[in-house]
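A.B. asks: These protein sequence lines map, in sequence, to chains A and B. The first sequence lines up with residues 1 to 155 when you count with the working numbering. The second sequence lines up with residues 1 to 609 when you count with the working numbering.
In short, the hints are calculated from the structure, not lab data. Backbone N, C-alpha and C define an ideal beta-carbon position, used for all residues, glycine too. Honestly, I wouldn't trust all of these hints.
What the hints assert, rightly or not - Covered, in the sense of this in silico footprint (three residues per stretch, anywhere, with C-beta under 8 Å from a C-beta of chain B), are these stretches of chain A:
id	stretch
1	16–27
2	56–69
3	106–119
4	134–144
Stated by the list, open to error - No farther apart than 25 Å at their CA atoms in a straight line, the calculated lysine-lysine pairs in the BS3-like style are these:
id	chain 1	residue 1	chain 2	residue 2
5	B	K579	A	K143
6	A	K143	B	K558
7	B	K130	A	K140
8	A	K140	B	K579
9	B	K579	B	K589
10	A	K140	B	K558
11	B	K593	A	K95
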Amino acid sequence: MEERLENILSCHDGKHFELIPILQEVQHEFGYLPEQEMSEVARFVGLPKSRVYGVATFFEQFRFTPMGKNRVTICRGTACHVRGAQRITEEIERKLGIKAGETTEDLEYTIETAACIGCCGLAPTIVVNETTYGNLTPAKTIKILSEREREEATK
Amino acid sequence: MSEKNQTILICQGTGCASSNSPEIQKNLENDIAEAGLENKLDVKLTGCHGFCQQGPLVIIEPEGTFYRHVKVEDSKEIVESHLQNNKPVERLFYKDPKTGSPVQRYQDIEFYKKQQQRLLRNCGHLNPEKIEDYTKLGGYDALKKVLFDMTPDGVIEELKTSGLRGRGGGGFPAGRKWEAGLEAKEKEKYVVCNADEGDPGAFMDRSMLEADPHSVLEGMIIAGYTIGAQEGYIYVRAEYPLAVNRLKIAIQQATDKGFLGENIMDSGFSFQIFIFQGAGAFVCGESTALTLSMEGKRGMPKAAPRPRTTEEGLFDKPTLLNNVKTFAYVPEIINQGGAWFADIGTEKSKGTAVFALTGMVENCGLIEVPMGITLREIIFDIGGGILGNKKFKAVQTGGPSGGCLPEAFLDIPVDYDSLISAGSMMGSGGMVVMDESTCMVDIARYFLDFTQQESCGQCTLCKLGTKQMLNILEDIVEGKGQPKDIDMLLEIGEAVNAGSLCGLGQSAANPVLTTIKYFREEYEAHINEKHCPALACKALISYRIDAEKCKGCTMCAKNCPVEAITGEKKEVHMIDQAKCIRCGVCMEKCPKKFRAVECVPGRLNEGGE
């Protein structure tokens with residue numbers, strides 16, 4: 001077993017109700033839920049793999065593929081929606097060439113959506129990695145992404 | 001320690017923190033130290049002060065000077081001018097949108113004036129990461145009173161007198177729920193705080209947890225004592241890292257001070273609180289789904305007849321489940337008495353209501369108002385009216401389970417029952433204002449898209465019915481709607497609401513049903529005339545350049561992401577309709593003095609204007 005997983009499991013007793021916290025920790029450590037690790041978790045808590053997979057797929061938090069290096073999270077809350085989040089989403093999807101929920105082939109970018117990030121006063125908003133951008137328009141969004149690209153290129 | 005006569009409060013709710021308020025605090029602290037003032041005043045971080053749209057906020061007490069949109073580089077001026085020379089920095093004052101005049105104190109700003117802050121009384125005033133701030137204001141006094149002077153029945157009596165109803169949206173009387181918890185015969189019982197705020201466009205619970213976590217903890221401990229439970233859980237969304245972190249700090253500090261843990265204040269009563277991070281499923285707001293997910297299972301609501309959670313909840317034991325705000329009201333009700341709480345509000349909805357006021361309104365933020373206030377007062381007085389002087393169209397409450405109310409309802413009192421009879425609901429507190437640029441068919445589509453994804457899948461009508469409705473709505477906004485679609489939506493919608501097990505399904509069609517009821521003509525325009533009156537649905541609009549107004553500045557062409565605009569410098573530009581993706585960037589970029597780009601209904605011929 002991978003050491004990182006061992007470290008996580010060693011803090012738990014293997015009770016059924018620990019399943020979700022364990023999966024959260026695994027995802028935090030690995031960036032997603034790798035199949036191998038899910039099997040180990042299933043054995044650890046004494047549940048069939050199908051049940052663990054069933055729980056993991058039920059909740060939006062869990063991912064089954066690796067994330068891109070940069071995460072663009074688009075808020076799809078109601079306030080953002082009425083202030084034009086749809087157009088922001090389309091611009092980002094077009095610019096990065098992937099749909100929300102997908103990762104670019106070079107693993108540079110992942111686009112995610114959030115039910116609401118709670119900055120409704122700044123709607124529409126996106127979060128790029130740790131930075132929140134508010135009061136967006138399609139033109140501002142293009143500018144933010146282009147500037148990031150240039151920064152990356154000069155690194 | 002010398003008496004400090006000024007306090008500088010720096011809002012670090014999620015909204016302000018995301019616009020750099022931690023940096024502002026650092027700079028202020030440095031500049032204050034440099035000026036040698038650190039012994040004369042306190043600098044502290046607070047949770048959400050409410051007026052998120054004006055963030056980042058810096059407030060100077062005792063007088064309440066309100067600095068908004070503060071930038072990191074403003075710190076020096078605040079220190080030198082205001083703190084050293086007693087000359088407040090006027091350019092950072094809020095400006096009244098109606099009169100244009102600057103307002104110095106937050107108490108004088110319209111947004112705050114009509115509010116009545118009982119639940120939010122500490123929010124934005126105390127440091128949520130320091131328990132001393134809370135105890136100084138009488139925090140944990142209610143717990144002492146309950147443990148040493150009150151019986152469980154006495155607490156329940158006080159709650160009944162207060163008329164407090166569940167603030168998660170259901171509105172079940174809290175006193176009766178607590179009584180059922182007390183009467184449950186099992187030895188093992190639980191208290192669970194529902195902080196799984198899943199409504200898009202709502203952030204009341206999160207703000208509460210971030211700004212005043214101890215009120216919630218105190219309410220839960222009192223609940224534990226009242227029903228005879230030893231363990232409590234806070235079910236909080238994993239997407240709220242700041243709230244989780246502040247809760248962890250608060251639990252640790254309360255334990256260290258002896259308000260939590262074994263033998264609380266030598267009363268013989270022991271109580272522990274744990275945090276459970278919800279993994280993101282809207283349906284887990286439903287009580288049985290919530291407890292199932294805490295047990296490590298899929299969060300699928302139990303079949304009817306469902307046992308009451310107070311009889312069979314977490315681990316099949318009696319469980320008292322209340323919303324964050326419900327628990328947070330309790331300490332003040334104990335301190336001031338149930339009658340104090342009940343002295344405002346309406347006959348059946350007592351006390352105050354907390355809303356996240358957002359959307360196309362001038363003043364967005366977190367507000368607390370007496371029950372019974374009208375929607376008009378909230379939107380036009382506190383909210384300052386519609387953004388950019390546009391026309392009001394609708395207000396949405398209750399999230400994906402609620403409805404959109406038109407202008408005719410602006411004068412109804414806001415309380416549980418009036419909103420339900422109008423076709424919407426109180427919900428947990430999201431209030432989204434919409435103006436003439438919001439398409440009501442698109443809003444219905446938006447909510448259906450959400451519920452359809454969040455449906456747990458066990459009820460056929462909910463899972464497949466919402467999908468069918470979504471398909472129809474997508475057709476309509478794309479201009480492919482059929483005349484029979486409206487009746488079809490009504491028929492499926494009523495079936496979905498009638499044939500689903502839980503609250504999610506039973507209310508899933510509400511956004512569609514209310515928009516058809518109140519805005520039917522918008523549906524008809526989309527279907528019959530292929531026209532979107534709000535000019536919002538992309539498939540039904542075009543952008544064009546007015547040849548009379550275009551001065552050939554090339555801004556539109558330079559910024560068009562798909563190179564659909566042609567034209568030489570100083571010559572009239574043209575949009576190639578075949579290439580245009582109708583993103584609106586050209587209209588946004590066209591200088592205001594020209595305003596040559598316009599959005600027009602219908603699709604212009606491809607290849608030309």
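A.B. asks: Now tell me, hint by hint, if it's right for this structure.
C.D. replies: Hints, one by one, checked against the model:
Counting residues of the stretch 16–27 of chain A whose C-beta lies closer than 8 Å to any C-beta of chain B gives 8; at least three are required, and the coverage claim holds. For the stretch 56–69 of chain A, the stated coverage by chain B is satisfied: 5 residues place a CB nearer than 8 Å to a CB of that chain, which reaches the threshold of 3. Counting residues of the stretch 106–119 of chain A whose beta carbon lies closer than 8 Å to any beta carbon of chain B gives 6, which reaches the threshold of three, so the coverage claim holds. Coverage of the stretch 134–144 of chain A by chain B holds in this model, with 5 residues showing a Cβ closer than 8 Å to a Cβ of that chain against a need of three.
Our distance criterion of 25 Å between C-alpha atoms is met by B/K579 and A/K143, whose separation comes to about 21 Å. As the CA atoms of A/K143 and B/K558 are separated by approximately 12 Å, the hinted pair is consistent with the 25 Å bound. With a C-alpha separation of about 39 Å, the suggested pairing of B/K130 with A/K140 is violated against the 25 Å cut-off. For a cut-off of 25 Å, the pair hint linking A/K140 to B/K579 stands: about 21 Å separates their Cα positions.
About 18 Å separates the Cα atoms of B/K579 and B/K589, which keeps this hinted pair within 25 Å; it holds. Simply put, A/K140 and B/K558 have alpha-carbon atoms about 14 Å apart, close enough for the 25 Å limit, and the pair holds. With a C-alpha separation of about 29 Å, the suggested pairing of B/K593 with A/K95 is violated against the 25 Å cut-off.
Checked against the numbered hints above, the structure breaks hints 7 and 11 and satisfies the rest.
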